[in-house]
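Student: Take the sequences, apply the hints, and build the full model.
Order-wise, the sequence lines are chains X and H. In terms of the working numbering, the numbers along the first sequence are unbroken and rise by one, the last being 702. In terms of the working numbering, the numbers along the second sequence are unbroken and rise by one, the last being 702.
Watch out, some of these pointers could steer you wrong.
Pairs count within a copy or across copies, as identical chains cannot be separated in the list.
What the hints assert, rightly or not - SDA-like cross-link-like pairs, simulated, lysine to any residue; straight-line CA separation at most 20 Å:
id	residue 1	residue 2
1	Lys443	Leu280
2	Lys618	Ile336
3	Lys270	Asn556
4	Lys295	Thr281
5	Lys701	Ile619
6	Lys625	Lys637
7	Lys443	Asp290
8	Lys443	Ser677
9	Lys618	Lys628
10	Lys284	Lys443
11	Lys616	Leu696
12	Lys443	Leu322
13	Lys588	Gln422
14	Lys443	Glu411
For the record, the hints were derived by calculation from the structure and aren't laboratory data.
2 protein chains.
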Amino acid sequence: MLQNKSIYLFTFFLFISKILLPQSEVEKNIQILFKKSLTEGKSYEWLDHLSNKIGGRLSGSLNSQRAIEWSKNELENLGLDKVYLQPVMVPKWIRGTFEYANIETSPGNTINVPVCALGGSISTPLGGLRANVIEVKTFDELFEKKNEIEGKIVFFNRAMRADLVNTFEAYSEAVNQRLQGAEIAARFGAVGVVVRSLNLKLDDQPHTGTMSYGNLPLSKRIPAASISTNGAELLSSMLSLNKNLKFYLKQNCKNLPDVKSYNVIGEIKGIEFPNEIMIVGAHLDSWDLGDGAHDDGAGVVQSMEVPRLLKKINYKPKRTLRIVLFINEENGQRGAIKYSQESKIKNENHVFAIESDAGGFTPKGFSVDSNDDKFKIISNWSKYFKPYFVHYFEKGGSGADISYLKNEENVLVGFRPDSQRYFDYHHSENDVFSSVNKRELELGAASIVSLIYLVDYFKL
Amino acid sequence: MLQNKSIYLFTFFLFISKILLPQSEVEKNIQILFKKSLTEGKSYEWLDHLSNKIGGRLSGSLNSQRAIEWSKNELENLGLDKVYLQPVMVPKWIRGTFEYANIETSPGNTINVPVCALGGSISTPLGGLRANVIEVKTFDELFEKKNEIEGKIVFFNRAMRADLVNTFEAYSEAVNQRLQGAEIAARFGAVGVVVRSLNLKLDDQPHTGTMSYGNLPLSKRIPAASISTNGAELLSSMLSLNKNLKFYLKQNCKNLPDVKSYNVIGEIKGIEFPNEIMIVGAHLDSWDLGDGAHDDGAGVVQSMEVPRLLKKINYKPKRTLRIVLFINEENGQRGAIKYSQESKIKNENHVFAIESDAGGFTPKGFSVDSNDDKFKIISNWSKYFKPYFVHYFEKGGSGADISYLKNEENVLVGFRPDSQRYFDYHHSENDVFSSVNKRELELGAASIVSLIYLVDYFKL
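Tutor: And the structure:
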């Protein structure tokens, strides 16, 4: 680590760079926002509560209701103009009491492998499911082998690509196995599917996530589970030695009727243009294996920090600012759909929305879904973020929940933190509070509130 | 996490951006360097060995000798033109067998606090040291209180500033307490110093690091220890309640005579300009509390990756490329001094050097110590790094070891990864292999080799 001489040189350069340039009001306010987030921030304390006192909060669960009540209460404590719940019916899926799998390499010889049910999957028969396995990497390969599938378990084993620097890109290339694998395999007569966990590490934690049966009738649905990456490697090796091995899977998850839940909404009325609405949002629900600290506890507490930090610079938004904590992003997006439907009915004008749903990591920048003129304006603001190493300003998608608000005029933004570690945790028991670094989380909150401040101050 | 619709949009944009622009040879080679580092990299496996099979490797220790032999052997396996050891005498300090401290809040009532000896410190008397404490935050405050110091332990308790986004800046503002605290306190008659650990978290791990007695005679030297941040907070609270409390410190560390050690050097002879030397370097020694995975195991294995990755693109450097693994950066920089002395004697021409000594985190960019013209050339290469989110190209210091090679013509570069988590680990038992993320380490190696490739390809 750099010592003595280099340190003095380094400090000298910093000193010089600081005295030469007078700060504008905007630069000064952004500096205060970052400083306050790092020194008087509440995001980390909130995340500790949400993760450790509430925990995983799958849509429709008791924990999700606790998270709704807690976040409503915390937003009320911030003294916003209005805090309210928006009712919405959400799916209720429960994991059940057991999840178990083994590979029977030869009669009587079994090796246990870590699995978990995919969200939305049906259970296996009570005594479990035992069948031969067919391994595929793509849907094309599945189609080629369609005559061999009947009565078997389809094992989707396409790994996320390690060479893609943006790990979300690797995820988007691999996620169709999980989303549609069961539906497609069932159409060819498979009795179950096992999907390689969507993470980039070789480890022993299975990663869950939503799956869909499309329009398959109830009678045609087959159980779907995720297998850890090490488990997937093992199963693949064993199959190369003995393609007639049996795989045993047992899980008793269940889909229950929809239940009532809520989006949590807090609002500061704009002092000049109250009918122009800006949103900062994240999703309050999470998967159930971890405590959802990165996905999306981080986004929730960063969103809650926005009004709190704006007060620290005594800034009253000209436009109406809404904090929207969406329910049910993970397995239905019912909260987002409901919010957009209600806003259409009320003829609301959403001029801007930003979503944080990519983990509580060091901020890299923003992905902007807008027309070219507005993108240009936002890109020009990158100069304000340079001191904080926030550099990524590109056109692209925004976020699952706010995307329903898209129109020709408005600007939707996805907050983009560093993505290298995200899939180590995502949807698994690894996604816990201790995997979040306080400073990284706080820098994210500061980046988000700074962009909102710029949008409101300069107008887009 | 973004789902369905957003993912498809996202993939679409990526697809479009990829087909529109034809790649230059340089762009293509850099892409391969990143790809190979992420998919066929050896840095993580090497770091596992260095951290877990060798471990902490303080200068002069048996482990440091093991690290020297191992890295020499690994460099030889890469088929370089030359691999050799450069002998140098290094200080040998040993931590001893015990380190212990408590706060005596009232006679007979004590609370243990976590401490560790600072590197280079003398031991306490065998039975320990028991004295009143005077707390200061700055040397100015120490001078003001100079009449109260006699016979006391000086407690330096200035925390690293959380509001500085670059954590190295916060470190550079706080490190003088550790480096010079004992020397200055001793001049005022203190009997020992306890220094708040240089990390940004409140936790229970003391962080060690080098300290100096300057030109104090042996008889005037006093023991110096680091106290964990939680311990520092506790001691400060207790002092506010009772400024007459006693602090008890016991440690039996020791300075031994200098011993022979080595820089490890590997070389590929330049095919066009063999007398122009480019260096990639890091330091092989580490502190002893953890296994030195971030400081500076990461830099060592990233440096070793450079010739390996250049072979993957069949690139033969025009200039001579040296991998220099310096010994004794942490407590003496004798390896760096020796290397620069030898190179002066041989009249060697070092045109470029890059050092990686800031942890194995996601690469942010480079700090460049050069004249303006050369800095401008390097800045213009930032376009090649954009796809990898490597964006930081600024003038500034380089690194402790290579800084001795500075002249008017050459270019010295410090590799700069994200700094948010570094001081959670730095110089403490937290600096272990499991705190390094494979992809982050590999992206760093790819960034470093890409810059070297550009330097050699375009000439600076």
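Student: Does each hint hold? Answer for all of them.
Tutor: How the hints compare with the structure:
In this assembly of identical chains, Lys443 and Leu280 lie within 20 Å of each other by CA distance solely across copies; the values are 12 Å between and 31 Å within a copy. Taking the closest pair of Cα atoms, Lys618 and Ile336 never come within 20 Å of each other, the shortest separation being 46 Å inside a single copy and 59 Å across copies. In this assembly of identical chains, Lys270 and Asn556 lie within 20 Å of each other by CA distance solely inside one copy; the values are 13 Å within and 50 Å between copies. Taking the shortest alpha-carbon separations for Lys295 and Thr281, neither the intra-copy value of 23 Å nor the inter-copy value of 40 Å comes in at or below 20 Å.
Within a single copy, Lys701 and Ile619 get their C-alpha atoms as close as 10 Å, which meets the 20 Å cut-off; across copies the closest is 37 Å, which misses it. Proximity of Lys625 to Lys637 under the C-alpha cut-off of 20 Å is found in both arrangements, the shortest distances being 17 Å within a copy and 17 Å between copies. In the homo-oligomer, the alpha carbons of Lys443 and Asp290 lie at most 20 Å apart only across protomers (15 Å), although the nearest pairing inside one protomer, at 26 Å, exceeds that limit. For a Cα distance limit of 20 Å, the shortest separation of Lys443 from Ser677 qualifies both inside one copy, at 15 Å, and across copies, at 14 Å.
Taking identical chains as interchangeable, the C-alpha atoms of Lys618 and Lys628 lie at most 20 Å apart whether they share a chain (17 Å) or sit on different chains (18 Å). With identical chains, the CA atoms of Lys284 and Lys443 are at most 20 Å apart between copies only, with a shortest distance of 15 Å across copies and 32 Å within one. In this assembly of identical chains, Lys616 and Leu696 lie within 20 Å of each other by CA distance solely inside one copy; the values are 13 Å within and 35 Å between copies. Taking CA atoms no more than 20 Å apart as the test, Lys443 paired with Leu322 passes in neither setting, with 43 Å inside one copy and 31 Å between copies.
In the homo-oligomer, the alpha carbons of Lys588 and Gln422 never lie at most 20 Å apart, since the shortest distance is 35 Å inside one protomer and 67 Å across protomers. Within a single copy, Lys443 and Glu411 get their C-alpha atoms as close as 16 Å, which meets the 20 Å cut-off; across copies the closest is 33 Å, which misses it.
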